[in-house]
Amino acid sequence: VSFEELKTAAAQSASTTTGGFIDSGSTEIMVRNLAMTVQLDDIARTVIKTINDRPVSIGDVAKVVWGIEPMRGDASIAVSPEKTTTPAVVMSITKAPGFDTLRLTAEIEKALTELEPALPAGVKPTLLFRQGDFIDHAIGNLTAAIRDGAIMVTIVLFLFLLNFRTTFITLMAMPLSFAITVLAFKGFGISVNSMTLGGLAVAIGMVVDDAIVDVENVFRRLRENAARAHLHPRLSVIAKASGEVRNSILYATLLIILVFLPLLGLGGVEGKLFAPIAIATIISMIASFIVSLAVIPVLCSFLLNPKPGKQHRDGPVTRGMKWLLENTLLRFSLNQPYLMFALVAIIVAAAFSLYPRMGKDFLPAFREETAMVAATAAPGTSMAQMRQISSALEEEILQVPEVNKVGRRIGRAERGDHVVPVSTAEFDVDFKPGEGRPRSEVLEEIRQRCRTVPGTFSVVTGPLADRIGHMLSGVSAPVAVKIFGPDLDQLRRLGTEVQSVAKSIPGLENAKLDQQSAISQLRIEADRDRALAYGITPGDLNQQLASLVGGEDIAELREGQRTVNLVTRLPLEWRDSPEKLAELPIEAQSGQHIPLSLVADVREAKGPNNISRENSQRRFAVAIQPTARDVGVLVERLQKEVTARVKLPEGYFISYEGEFQAQKDASLRIALLTVVVLAVIAFLLYGYFRTPFFAFQVLCDIPLALVGGLVFTWIKLDNISIATLVGFIAVAGVAARNSIMLISHYLHLMQHEGQEFTKQTVIRGTRERLVPVLMTALSAGIGLILLVLAADQPGKEILHPVAVVIVGGLVTSTLLGLGVTPAVFLTFGRKAAIKSIERESAASH
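The working numbering applies: residue 631 is where the sequence shown begins, and numbers increase by one.
Take the hints with a grain of salt, since some may be wrong.
[Claimed, not checked] Simulated restraints, written as ranges between beta carbons of each label pair:
#, residue 1, residue 2, range
1, 1475, 1258, 53 to 59 Å
2, 1117, 1210, 29 to 35 Å
3, 850, 1470, 21 to 27 Å
4, 1280, 1085, 35 to 41 Å
5, 894, 727, 15 to 21 Å
6, 1150, 1280, 44 to 50 Å
7, 730, 789, 40 to 46 Å
8, 1330, 865, 38 to 44 Å
9, 1206, 894, 55 to 61 Å
Please keep in mind that the hints were generated in silico from the structure rather than gathered at the bench. We put the CB at the ideal spot given by N, CA and C, even for glycine.
Work out the full structure: start from the sequences and follow the hints.
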């Protein structure tokens, strides 16, 4: 009986059997599903052929037994305080793009609840990792930040204005702007998520800026009108006062919109994170301008009506600040302008010198509620050994008091698409709710406990951080060093040398080699000349051996809705024995059966457990989990030391990939796009002032904002990431806005109120613009204070560095700007101011 005849008979048997999972070989058939009702005797009695009137059945040449498929993975769950491990099936559900995570999570949980009564006794679903928890906390924290920021902005506005009506009018810009923003989100199909809420949190103080400028100028003009002997019509005063600041508001809003545009050009992970923040901020600022244009003047006409014939004065807070500004900073800068410029230049240089000293990271660390431990053992480790190793790791993790439950996965699912060997295990660690030790201490204890298990390499991270690292480099680590070349032994030698170099650098000690090593193999190499003599092609030989040793699906069995495969293969004692395989009869095309040893060499040998390729080249990777935050500097040091200590043969090269490379690429893209945007802003400002001098002055005021951002970042974070770059972009727009407001008001006083180009004109203009400048800065900054103080809360990881930069930048851009901008205007701006007025620029109206 040939093997092909046996397979044909088994397949025919499948068509007449009620069900079953049959695995057969030349001497064995295995029915693998005990739940099936297949009768083994019926299968064994299936006739293969008849020889000399004697029927030959499957039972005559094969064994028919129950069995299971080879396991490629395993799973379990352990819950504290019982610390008992229960076998489990871990089901991972991946969301398709474009769907609401929270809504989908709720539907999945509902489906699990409905499924629970139908599960076998002793089986119940347990949630191990729920991404919705992180999203819920993030949205809750951001919503609270928006709410509390709005309250703080309200307090600041009232302290400045000391008038309930003006405060109410100004605050109306906030709900109206956000209402328009939400409607725009709905119209454009933009979801309200943690990133768009982050954009609203950043804009919480800026959306009232336009209203502040408008209301303050209208109220000031109405009080001046009320003090006159002959009153002008109130509506005309409101219209004229609103028109005075309309152009400056428009151009200031355009500037903030433009500075956020580079974020829309980001791709990859950083684009997904920061583009929604930019979109939300841009839409909010557009909505704010619409509200200030259409609603604020109307509300002023209804609610603001100062009593005529009465001298209206500023509140005591405003009067005190104006007196303090005029007699300190303004007096010094106008009387000693060059000394002021020198001091500011020194401050700017000192602040910018901090940038190279700070660490460089791609993204801030995420404060996830769960942790993931990825552990690997030596390649070739069996499933039984890996279970023992995983149990030891699990026991260590459960010793941590804050751990609630641990789910472990070994290897992969039988039909899983994430191919990993059985020597790899992943642990999903869920923590107990409530306050405890800081999460960093808990993770460090888990890390130390995992290191006590010999023969393993463990990396502790968060699920989100792990996936981001895998997306960036294809390796589950923030830093991946990839060596490319033709020879596997040479690649492993070079990888080992790179690992040794990495371990010698503090912060890069967690360097793991690719899971590639020489393991025992059964090698069958065809002798082409002998095979040709017997009329056997290497392709036919490979096909027969693949069916005999690896197994072959020949049919599908069904019982009800369940389907299983019918597989044929050799029994275990033949598959594991080179001697028996050498005696295996191979069928030639003539029908003759020849022992395998006559046409092939069968022997035990050593060979790689896997071969990784990338871009059609063999590669070996060293995965590094940094223990320090300054990854960029560490990798630069690693590159230098590898170049000096590792000699690459001809045809080999090294690539450094991961988060640090993504940070470099994103920073470069932001820098290039920012240069383009600044050029556009320069042309826009030239059109506004009709002279290049004031456009250049506004752009030169931007470094004043970066001073505070750099200093405060150095104090609070000592790290530069893509998030801090977003903060620099935002604060640059606010700084340019204040400069535009001051310069345009100087020109307005000269054009429409008969003021000459004198020191008194500059003092008056600065005093009159002090309140809106301080109010816009304070409202934008005070709304972000809670984000500055909430570095450890989920959902605020990205916004915390942004808020730190903006708050620090607002301090220096406001204080230094109130001194530098008037001094530059008075010292160098006479010709430019006269030219701007003569050309009837928009700034002078």
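Now for the hints, and whether the structure bears them out:
1. 1475 - 1258: 53 to 59 Å: 55 Å, holds
2. 1117 - 1210: 29 to 35 Å: At 34 Å between Cβs, range holds.
3. 850 - 1470: 21 to 27 Å: 24 Å, holds
4. 1280 - 1085: 35 to 41 Å: Hint holds: Cβ distance 36 Å, inside 35 to 41 Å.
5. 894 - 727: 15 to 21 Å: With a Cβ separation near 19 Å, residue 894 and residue 727 satisfy 15 to 21 Å, so the hint holds.
6. 1150 - 1280: 44 to 50 Å: 32 Å, violated
7. 730 - 789: 40 to 46 Å: Distance hint for residue 730, residue 789 holds at roughly 41 Å.
8. 1330 - 865: 38 to 44 Å: 40 Å, holds
9. 1206 - 894: 55 to 61 Å: 60 Å, holds
Checked against the numbered hints above, the structure violates only hint 6.
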